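Number of protein chains: 2
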Amino acid sequence: MSWQNNLHSVSPYIAGEQPELTDMIKLNTNENPYQPSLQVQKVIEDFKSENLRLYPSTDAKFLRKALAEYHHLNTDQVFIGNGSDEVLSLSFLTFFNGQRAILMPDISYSFYPIYCELYRIPYQKIPLADDFSLSVNSYFQENGGIVIANPNAPTGMAISLQEIEEILQNNQDSIVLIDEAYIDFGGESCLPLLEKFDNLVVVQTFSKSRSLAGIRLGIAFGSAEAIAHLYDVKNSFNSYPIDSLAQKIGEASFTDETYFQKSVSKIITTRENFKNELIKLGFQVTDSKTNFVFVHHPKIDATTLFKVLYEAKIIVRHWNQARISDWLRITIGTDREMNTVIQFLKEYLKNKEKSY
Amino acid sequence: MSWQNNLHSVSPYIAGEQPELTDMIKLNTNENPYQPSLQVQKVIEDFKSENLRLYPSTDAKFLRKALAEYHHLNTDQVFIGNGSDEVLSLSFLTFFNGQRAILMPDISYSFYPIYCELYRIPYQKIPLADDFSLSVNSYFQENGGIVIANPNAPTGMAISLQEIEEILQNNQDSIVLIDEAYIDFGGESCLPLLEKFDNLVVVQTFSKSRSLAGIRLGIAFGSAEAIAHLYDVKNSFNSYPIDSLAQKIGEASFTDETYFQKSVSKIITTRENFKNELIKLGFQVTDSKTNFVFVHHPKIDATTLFKVLYEAKIIVRHWNQARISDWLRITIGTDREMNTVIQFLKEYLKNKEKSY
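First to last, the sequence lines map onto chains A and B. Residue 1 is where the first sequence starts when you use the UniProt record's numbering, and the numbers rise one by one after that. Residue 1 is where the second sequence starts when you use the UniProt record's numbering, and the numbers rise one by one after that.
What the hints contain is simulated information worked out from the structure, not anything from laboratory work. All figures in this text were calculated on a predicted structure; none of them were measured in a lab. It is possible that some hints are incorrect.
25 Å max Cα-Cα, derived DSS-like pairs, lysine-lysine [stated by the list, open to error]:
1) A/Lys61 <-> B/Lys313
2) A/Lys48 <-> B/Lys262
3) A/Lys42 <-> B/Lys48
4) B/Lys48 <-> A/Lys262
5) A/Lys42 <-> B/Lys42
6) B/Lys48 <-> A/Lys48
7) B/Lys299 <-> B/Lys346
8) B/Lys61 <-> A/Lys313
9) A/Lys313 <-> A/Lys354
10) A/Lys266 <-> B/Lys48
11) B/Lys42 <-> A/Lys48
12) A/Lys48 <-> B/Lys266
Using C-beta positions, here's what the derived DEER-type ranges look like [unchecked claim]:
13) B/Ser110 <-> A/Lys307: 47 to 57 Å
14) B/Arg120 <-> A/Ser138: 25 to 35 Å
15) B/Ala68 <-> A/Lys313: 24 to 34 Å
Partial selection, computed: residues in chain B whose CB lies under 7 Å from chain A [said to hold, decoys possible]:
16) Ser2
17) Trp3
18) His8
19) Pro12
20) Gln18
21) Ile44
22) Glu86
23) Gly144
24) Asp173
25) Ile175
26) Ala213
27) His229
28) Ser236
Even glycine gets a Cβ: it sits at the ideal position worked out from N, Cα and C.
Given these sequences and hints, build the entire structure.
Laid out in structure tokens, this is it:
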């Protein structure tokens, strides 16, 4: 007997590297290349540190209200967490407490099975088709819950509002969690379905389209009943997860719709241009509705490509994992950054062909 | 069958009220009456919001390093969490995973049993003596872990380093978690015992003595092995719990030792003066080593006293709970605030005596 016998053993999630090179092109964690709204800068400048002696609002009251108004929902339908990873984590803990396995695509955000192992939630992976498309029919079976990223990561591919509605219609006895971390880059949000389904929970984040990965804010939207349960679990986990400054920064980021739309549009335009250039170079590229592309080249091994890009100080993401080990995920940066990537790949492919 | 059947049912912790009255004297959540170090203000002023587009360090690397240096420990002995509530929560999940009940005092931080219920950890409450003192012998029995707040809350009373060492000596096969949230106000930290015991975990916070309740930073110190396990669980729960600004603010608060010592001393002096005045008024007051006092008046019902204080806009804390329902916990504010409380109580007692 030793204290080590009482440990909860887990295999943790490994986040994308945050390297300390200064002259790199960092395209590995889907960060936004543009700064957050200038309203955020203003809030920070105006913040008085003496306020920090007091505890923040336990449930980020004003931020929830701002988000509810923005999305035409009630405040009690909005949950704020410490990044969407925490929102997902607490959602798994709250909603997936049944005996039956929860369902998720076999290729998706790799944190989902890790939450399941942390909380000992049985789960079943449903294979995507060979082209990474999702068939809703495979979710018409008994389950203890469903989690689907829409658009999906790392494929970038989206399913339609109608498909989500079909899943909901066939699964009214378990929570259907739709992770919309990347929804603002071209997918269709299922928030309107909250009117019809009290078992739908939609998770979004400030980290991607709002350029606020550094401040850790995530959201869950759902029925007042579901959100109340999520708050009960949150209040059994941590009283005050969102600091005062983060609450104010979150509010500020929703006051400048013009800037938001402009920076999102820019990323979408860059993505489409980048994608076309990649196709010209012989890459296979999925139909991404996100701020990244998922790519494969029939003539280059992805592990090798990851390495040569890294040596050229271009950092992308690669998984040594069945079905996707031949693929790379590349975040959309600025036009300039993506041009550098294209120029590098052109050169690399030219030299490679010469060497045949 | 319905989605509600899959819910994880809990009775959440209820934090002290954060009322929105502006002219109140808020002595209910043990906040520091003094502002944080001016270095904190400077860090906020200098912060560039464009940095927020990037994810923060997953493990608050520089802040851990600063804390390790301050306490003469190694960086791998330091864990940073989103407030000490999160640190405690993740510690319970990580370390208390055995079959045997964990032990805790019957009167202590009311979050402990709530974590146990959240994670389904069996626990046993060990009664304090009638004078709220803790007998170490009652912790010499089989257990799956031990958690003790030192100084204790809400009693404010501390145990000695030697007593903690005795507990550790008799419990080398389970984690002994010492919650030192209030340690800087007069208790003796058990950090030096980390040299001898790899099963000791010490939790501290930035919320009390560092005046940073609003920024949500908590710490666990332990053996490199214990801390690595805690990080594994944290990395299965949430990748990036501490935002970039909070990491910098935490670092800044440790650069101004003079200010820190001065504000802590001031609170201790105010506490002792306040305590003496209360005793003169007939109150029974425990020997507090914290920034609050725990008080009882033989002639006044605590529920009534709580109410009349509230009506006078003086907000303190009361629990409707066995053994302490006759007691109030009063945070130490400024001298001026505590004088107002004393004046009010003098007046109230005088009028009460008249009415006999």
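Against the structure, the hints come out as follows:
1. A/Lys61 <-> B/Lys313: holds, 23 Å
2. A/Lys48 <-> B/Lys262: Status holds; Cα separation ~21 Å.
3. A/Lys42 <-> B/Lys48: holds, 10 Å
4. B/Lys48 <-> A/Lys262: holds, 21 Å
5. A/Lys42 <-> B/Lys42: Within the cut-off at roughly 15 Å; holds.
6. B/Lys48 <-> A/Lys48: Within the cut-off at roughly 16 Å; holds.
7. B/Lys299 <-> B/Lys346: The hint holds at about 13 Å.
8. B/Lys61 <-> A/Lys313: holds, 23 Å
9. A/Lys313 <-> A/Lys354: holds, 24 Å
10. A/Lys266 <-> B/Lys48: Satisfied, since the Cα-Cα distance of roughly 22 Å is no more than 25 Å.
11. B/Lys42 <-> A/Lys48: The given pair, whose Cα atoms are some 10 Å apart, holds under the 25 Å limit.
12. A/Lys48 <-> B/Lys266: holds, 22 Å
13. B/Ser110 <-> A/Lys307: 47 to 57 Å: holds, 53 Å
14. B/Arg120 <-> A/Ser138: 25 to 35 Å: holds, 32 Å
15. B/Ala68 <-> A/Lys313: 24 to 34 Å: Once the Cβ atoms are compared, 31 Å apart, the range 24 to 34 Å for A/Lys313 and B/Ala68 holds.
16. Ser2: B/Ser2 check passes; min Cβ-Cβ to chain A is 5 Å, inside 7 Å.
17. Trp3: holds, 4 Å
18. His8: Holds - the Cβ of B/His8 comes within 7 Å of chain A, reaching about 4 Å at its closest.
19. Pro12: This hint holds: B/Pro12 lies near chain A, its Cβ roughly 3 Å from the closest one there, short of 7 Å.
20. Gln18: holds, 6 Å
21. Ile44: holds, 6 Å
22. Glu86: holds, 4 Å
23. Gly144: holds, 6 Å
24. Asp173: Holds, about 5 Å.
25. Ile175: Holds, about 5 Å.
26. Ala213: At about 4 Å, which falls below the 7 Å cut-off, the nearest Cβ of chain A leaves the hint on B/Ala213 intact, so it holds.
27. His229: holds, 5 Å
28. Ser236: holds, 4 Å
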